[in-house]
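Colleague: Listed below are the residues making up each chain.
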Amino acid sequence: MKNTVIRFERVSKQYRLGLSRTSLLKTFSHTIRGGYKSGGHESARREVLWALREVSFELPQGESLALIGRNGAGKSTTLKLLANITRPTSGQIDVRGRLSALIELGSGFHPDLTGRENIHLNGTILGLSRSELQDRFDEIVAFSELERFIETPVKRYSSGMLVRLGFAVASCIEPDILLVDEVLAVGDASFRQKCLTRIQALLRDGTSIIFVSHNLFMVQAVCASALYLEHGEVKCRGQTTDVIAAYERDLHEEQARKLESLWFEQNEGVIEAQITGVEVLDTNGLKPGEFCSDQSVEIRVHYKAYRSSGKANAAVRIIRSDGLTSCIMRTRFDDVSFVLQQGDGTISVILEPLQLVGGTYHVEARLLDELNTTILATGWSEWFYVSGSAPSYEEQRGVFEPRRRWEHHSLSPHAIRADKTEGQPFILP
Amino acid sequence: MESTESTASRMVRDTRGILGMKDQVSHLIGARDLLWAWTGRIIRARYQQSVLGGLWMIVQPLAVVALFSVIFTLFVPVDTGDMPYPVFSYAAMVPWLLFASSLGDMTESVVGNMNLITKIYFPREILPLSAMLARLVDYFVAFGLLAVLMLLFRVPIFLLGWLFLPIILAIQLTLIVGLGLALSAANVFYRDVRSLLTLGIQLWFYASPIIYPVSMVPERLRPYYYLNPMAGILEAYRAVILNGTLPDSSIFLSAVVAVLVFAFGYWFFRRVEFQFADIV
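Protein chains in written order, with our numbering: chain A, 1 to 429; chain B, 1 to 280.
Keep in mind that the hints were calculated from the coordinates and are not lab data.
Everything numeric in this text was worked out from a predicted model, so none of it was measured.
Here a beta-carbon is modelled for each residue, glycine too, at the ideal position from N, C-alpha and C.
Fair warning: there could be bad hints in the mix.
To be verified - Taking beta-carbon pairs under 8 Å as the criterion, some of the chain B residues facing chain A (in silico):
1) Asp33
2) Ala37
3) Arg41
4) Tyr47
5) Gly112
6) Met114
7) Leu116
8) Thr118
9) Lys119
10) Ile120
11) Tyr121
12) Trp204
13) Ala277
14) Asp278
Said to hold, decoys possible - Listed below are several chain A residues computed to face chain B (Cβ distance under 10 Å; list not exhaustive):
15) Lys13
16) Arg16
17) Lys80
18) Ala83
19) Asn84
20) Ile85
21) Ala101
22) Ile103
23) Phe109
24) His110
25) Pro111
26) Asp112
27) Glu117
28) Thr124
29) Ile125
Claimed, not checked - Ranges of calculated distance between the beta carbons of each label pair, as one might list FRET restraints:
30) Arg32(B) <-> Pro111(A): 17 to 27 Å
31) Met216(B) <-> Leu17(A): 51 to 61 Å
32) Arg7(A) <-> Ala263(B): 47 to 57 Å
So here's chain A without its partners, still in its complex pose (with noise of 0.2 Å):
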């Protein structure tokens, strides 16, 4: 049985809102003035927010977890509170061990210290000895690849450079708990990929990780398990597929909800159809909601018209996790076009093979009018894995999976001699 390392026990955090800034001045004047407001019942209306609300989980050593969650579900007050910046309203928070945390750009770096100086403040800051110190600095400038700025004030630093040298300070230190909140994506693609290669070695290492970001890809890459938090609750925890798939079908829910109210404003209330589900089958038409790249895919739209309108499009987009637009398919460019009949029916684009990269990816689906301007209604299928790929860090590896042969020729004389493949294409296995 491990450690366990942080423990969250019913937490809750409360924020004031507006709080009591209201100068004496104004509260005089106010008073003075009289009317049904004197400013002392304004310090009355002051209004609150649960930040966090009963929030308890737990994290064993060496596991990492994923926060997610929309923008003020409370996973920056989690990490804060972690990092002991900022104390519960109440319940009870245990961590043990170093920690170290990564909380937005360039914290903890004094814009007018040069990079070295920042390292060493940093380093004290998060409590190691000067002997230690110097021991890690020169890993943590190789890490950060500032070596020609690292006599130059941070405050002349890109967004990317401070990302790097905060990175590379952060996990140098060999904390035994590392937060990382959402910082990464500002450092470019090859640094991304360093600090997952980074994150991992860690983890093996260890070091407990809480790992907080918008590009579910990353998620994936790092965290066994994640934890869904909305409105300072959790929703719920389990295997990180999972709960990405729980946060995404909200979101998509909550997306279709705007939109059908949006549809409703424009047209005063009549729909001309909906989107009843999308399904990515196999040939045969099952939902293994696995595929390999080289199988051929059915994505099959399911609608229901309420009332003949003519003709019209759809347009069917494959979208990766971390929100990259894979391919679009549109009927109107590819010279298809269909009418739409009162009552249910369905479109479907067959393709051969798939050829998607190994990961996860999902569809969108749309009805659009003749002169495809005008969306009808909107649908998603449910998340499906392209196989052929551990989960690692995706980005590098492109979207698409061509059917491929690879040939070899070589003019060279001596080849010619050595094997008398001349002309001859070499293929691969």
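With the hints as your guide, set chain B onto chain A.
Modeller: For chain B alone, coordinates are given in the frame of chain A:
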């Protein structure tokens, strides 16, 4: 330690990092490295982009003393006995400037580093304390110059008296820390503190024996006059440095006031420091 409405408690952490402080004492000892690093940062930042650099440490007291010397020897002569006026006022001006500039810097220290406070944890006392320590460097340099001035004006130097300086300085620092902690914390919640301090320091300057001797204060007002802890402290400085005598009993009153102020300031700071990050 906890805010009043809070029923929360934070468990004891591992003691390896500064996050693992068990109690307030080890809390600060563990943060010693940080205190020095931060103090060094302030000093470096202060003189980084200035031509005169470290010379500023003595330019200010010298300029002020020169000005007052002209006024109070030529325009409105002040009786300082045998003591040349520049030496007389400089001996009090140096500790006064430590007091005034420390308080000014300490008051701004927390507010000026809100970006750190909302993003990283470290003992918050570091900020006001290092602001004061950075000023202490100026103080020592300026004091070195006092010896030069005394030689210049042929004032006898009583080296034995200088041995008392650490005690007097300790009392003064206790007072400064107490006030500074309270002011730096209060300034987070009400920015009026800053303006109030500027005004307060001005008034306090004239209520302390810096540019005039205590002998000019009417006898019947003296008991009240010495309620100002700086009065006893500054007089003690003059006694041991200029007169080569022991400080009179007013230093005890100053010490008592200083300890009380310190106790209050520290208590207040600890009480509200965990709200700092919540004030945006």
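Colleague: Now, for every hint given, state plainly whether the structure supports it.
Modeller: Structure-based check of each hint:
no., hint, in the structure
1, Asp33, "5 Å, holds"
2, Ala37, "5 Å, holds"
3, Arg41, "6 Å, holds"
4, Tyr47, "12 Å, violated"
5, Gly112, "11 Å, violated"
6, Met114, "11 Å, violated"
7, Leu116, "6 Å, holds"
8, Thr118, "6 Å, holds"
9, Lys119, "3 Å, holds"
10, Ile120, "4 Å, holds"
11, Tyr121, "4 Å, holds"
12, Trp204, "23 Å, violated"
13, Ala277, "4 Å, holds"
14, Asp278, "6 Å, holds"
15, Lys13, "9 Å, holds"
16, Arg16, "8 Å, holds"
17, Lys80, "7 Å, holds"
18, Ala83, "5 Å, holds"
19, Asn84, "4 Å, holds"
20, Ile85, "5 Å, holds"
21, Ala101, "7 Å, holds"
22, Ile103, "5 Å, holds"
23, Phe109, "9 Å, holds"
24, His110, "7 Å, holds"
25, Pro111, "9 Å, holds"
26, Asp112, "5 Å, holds"
27, Glu117, "7 Å, holds"
28, Thr124, "5 Å, holds"
29, Ile125, "5 Å, holds"
30, Arg32(B) <-> Pro111(A): 17 to 27 Å, "25 Å, holds"
31, Met216(B) <-> Leu17(A): 51 to 61 Å, "55 Å, holds"
32, Arg7(A) <-> Ala263(B): 47 to 57 Å, "35 Å, violated"
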